[in-house]
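A.B. asks: Using the hints, build the complex out of the two chains.
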Amino acid sequence: MPSELARQVLDGSPRALARVITWVENDDPRAVECLEILYPHMGRAHILGLTGSPGAGKSSLTDQLTHHFRNAGKTVGIVAVDPSSPFTGGALLGDRIRMSRHAGDPGVFIRSMATRGFLGGLAQTTDNVVKAMDAAGKDVVIVETVGVGQDEIDIMRIADTICLILAPGYGDIIQSMKAGVMEIADIYVINKSDHAGADQLYTEVNSRILQDSQIRKRDREPPPVVKTVATEKRGIDDLMAAIESCRCQLKESGALLEKRRERIRQQTFQMIQFALFQLLEKELAQNGRLDRLVDAIIEKKENPYQAMREIVDEFIKVPAG
Amino acid sequence: MAKKKLKIIVAKPGLDGHDRGAKLLCRIFAEAGMEVVYTGLRQTPEMIVEAALQEDADVVGLSSLSGVHNYFFPRVVSLLKEKDMADVLVVGGGIIPDEDVSSLKAAGVAEIFGPGTRTDEIVQYIEGNVAG
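Chains A and B, in that order, are what the protein sequence lines are. Residue numbering for the first sequence follows the working numbering, beginning at 25 and increasing consecutively. Residue numbering for the second sequence follows the working numbering, beginning at 3 and increasing consecutively.
If a hint is listed, it holds; no wrong ones were tucked in.
Some chain A residues judged to face chain B by a derived CB distance under 10 Å, without partners named: (1) Pro-38; (2) Leu-41; (3) Ala-42; (4) Thr-46; (5) Glu-49; (6) Ser-108; (7) Ser-109; (8) Gly-113; (9) Gly-114; (10) Gly-118; (11) Ile-121; (12) Ser-124; (13) Gly-128; (14) Asp-129; (15) Ile-134.
Quick list of in silico lysine to aspartate or glutamate cross-link-like pairs, DMTMM-like style, CA-CA up to 25 Å: (16) Lys-6(B) - Glu-305(A); (17) Lys-6(B) - Asp-51(A); (18) Lys-6(B) - Glu-113(B); (19) Lys-6(B) - Glu-57(A); (20) Lys-251(A) - Asp-218(A); (21) Lys-85(B) - Asp-52(A); (22) Lys-241(A) - Glu-207(A); (23) Lys-83(B) - Asp-102(B); (24) Lys-251(A) - Glu-176(A); (25) Lys-83(B) - Glu-28(A); (26) Lys-7(B) - Asp-52(A); (27) Lys-6(B) - Asp-52(A); (28) Lys-325(A) - Asp-315(A); (29) Lys-83(B) - Asp-35(A); (30) Lys-107(B) - Glu-123(B); (31) Lys-6(B) - Asp-151(A); (32) Lys-7(B) - Glu-57(A); (33) Lys-85(B) - Asp-35(A); (34) Lys-283(A) - Asp-236(A); (35) Lys-83(B) - Asp-58(B); (36) Lys-98(A) - Glu-48(B); (37) Lys-83(B) - Asp-129(A); (38) Lys-6(B) - Glu-60(A); (39) Lys-6(B) - Glu-28(A); (40) Lys-85(B) - Asp-129(A).
Note that these hints are calculated values from the structure, not bench results. Glycine residues also receive a C-beta, built at the ideal position from the N, C-alpha and C atoms.
Extracted from the complex, chain B is given alone in its bound form (with noise of 0.2 Å):
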């Protein structure tokens, strides 16, 4: 039997053009061996989880630029849970002020990687806490 790989979707939610980011992720996470999602721009909640859903994703990561965060992001997580997937691991990234993570965790989003991190520090957590 194969060993599992992660599925990740990569997904940049509400009306944000900027994906530079994400899709310099992309590449990082298929370099660290997993395979990569990518939905594109301009997605609803609901296009997200169902990528997620018919993909069976392991995780989902989530960038917003343009501070829809804290509606987009919470919005993914309860989906996933409406949709009995409660168990995929949420990220999220972009422009997210400090203020607005302690809710945005609260919300179910397991982390918010802001400007500046370090891309093997990404790797390093989905990978530690992605369930098994």
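One chain only, chain A, in its complex shape (with noise of 0.2 Å):
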């Protein structure tokens, strides 16, 4: 029964809420029966997002900060992706490995997916499984992407925070003056300070960030920069620091509200716009309607552009007025 388990989920049940976690992950129409009940409870943890480059530390310095989260009495939730094959669609999930420590911790919730050949550096349910991690009382949920390029940026509609994670050894500071991944960090995080060519890839960053102080104009602190050695236990107490400064300021400012407002804007319509497509997938494939109008288009007979046209008038009439 959904609704039972829902409610397992809220009294702190591990074993429910990895079940609603697979139902969400598989599309089952369960999860959503589950959601509805869940939704009242949404909203409370604190997102953090860790993204960066294959082997740069993610899951490393989700370990570390886990540990820090724990000792300062928070309950953490982990939601770690990596990527389906292509092919196959088997994925190896292999993020576990890094966090070992936690996993005799009922405080700590741990949970690999995979892609399913999905692009944005996440899972398309990722977002509704950091919900339900989030419905079930953890005070952190840190979602972790599978390492991303340059592209990825899917992380901006599920996480609070942002830290990208740099490594050195990647290309020069071109590298660093791209769009995309590198501007949608609110703490850049220079993992593996140790090895040759750190120092330069901290000023690189710094650099970029004072470039964009420059251009535009921005409401907010220049984000922080902050060097780690993950494997060493070394700058975690200053990327805390970071994360936890970051939280205040986002909650002060009224960013956050307005962050979550334009989130459920894009999410609620999304969701609008899925149930809509799924009606009208499952309408024209009726009776071969689909393939018909596609043969037609083939051959000329029928232009799509028209075929759009006719589809969206007959089927979705706008009140008028």
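C.D. replies: Here's what the structure looks like:
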């Protein structure tokens, strides 16, 4: 029973949470029933995104941050995303390895997710998985994206605070000047800062931030740059302080509410769009109508633009006025 | 609704530090379309079962080359039962003497795959025996 399971999630059952997440991942209709019940309990967690190149240290930093959050008495949910194979659909989810020490801690819930063909650095359903953890009462939810390149920025749509994890050795200063993932950080983290090239990277990132402040009008402080060595626990206090200060700033300036409002607007519209799409697809696939339409378009008896207009007119009636 | 993907935990219980075989099997399972969570080395049964619970796994695959299977494998099975997860398929592999196989099976390990087993045989076994 979905409603029973949702109640168990609210009572803190990790088993129930795990099952609801599976339903969410599989687009099981029962997931929506659960999420409806969980909805009033969402919106309390601080959602922290960690993104960056493969091997930059996202999992190791997630482990360190989790340790610190736990010491501060906060419960932590972790969603760790890794890529699915475009050929077999299978996936090797290896992020737990770095987080082993939290395995017996009831205050930590770790879930690995495969992208299942979604390209923005997350899975399509990551958002709802995060919401389920939020509703389950986790104080902090850490979302670790797949290893990203330059343009996978879906984490923006989910996280309150984004840490971009960089490591030396990935290219010259032009890389750090580019658009995309380099601009979405609330906090820049130079991990592996004991490696050669770390100081140069630090300078380059700071110079980008300086340029940003000269070029753009920003209503907040320039993002901090923190040096860490995750494997040696160095710089983690600084990173925690930066995260906390970011969170306070977001709250006090009202930016958090604004961010969340915009997010709810997007998500609600997306859900409506998706539901309409499914209805239409079902309707058009019935009796082979879509296939006949495709044939007609290929044979140039119809053109796709007119077909689009006709179908929209047929199915969607916007009341006048 | 998307077809349910098989989720398998691959784990190395105990102090055994050899995971070439386990890593290869991770690749084989992913190649067969499964979502594979590798927990890494030196896991306690509690850690493995906790991972299976949080990941809502269908299968737990245990690998041991150090002779600790008689303790660790049954312990994982009984902890799963305790957590009301008796429907999770538990399989094992590694260096397991023939004379231990029947007692492991009696303890609830569904199948043991020793050295030289064809990997497609393991995949087929899992696909054929996992709870629906």
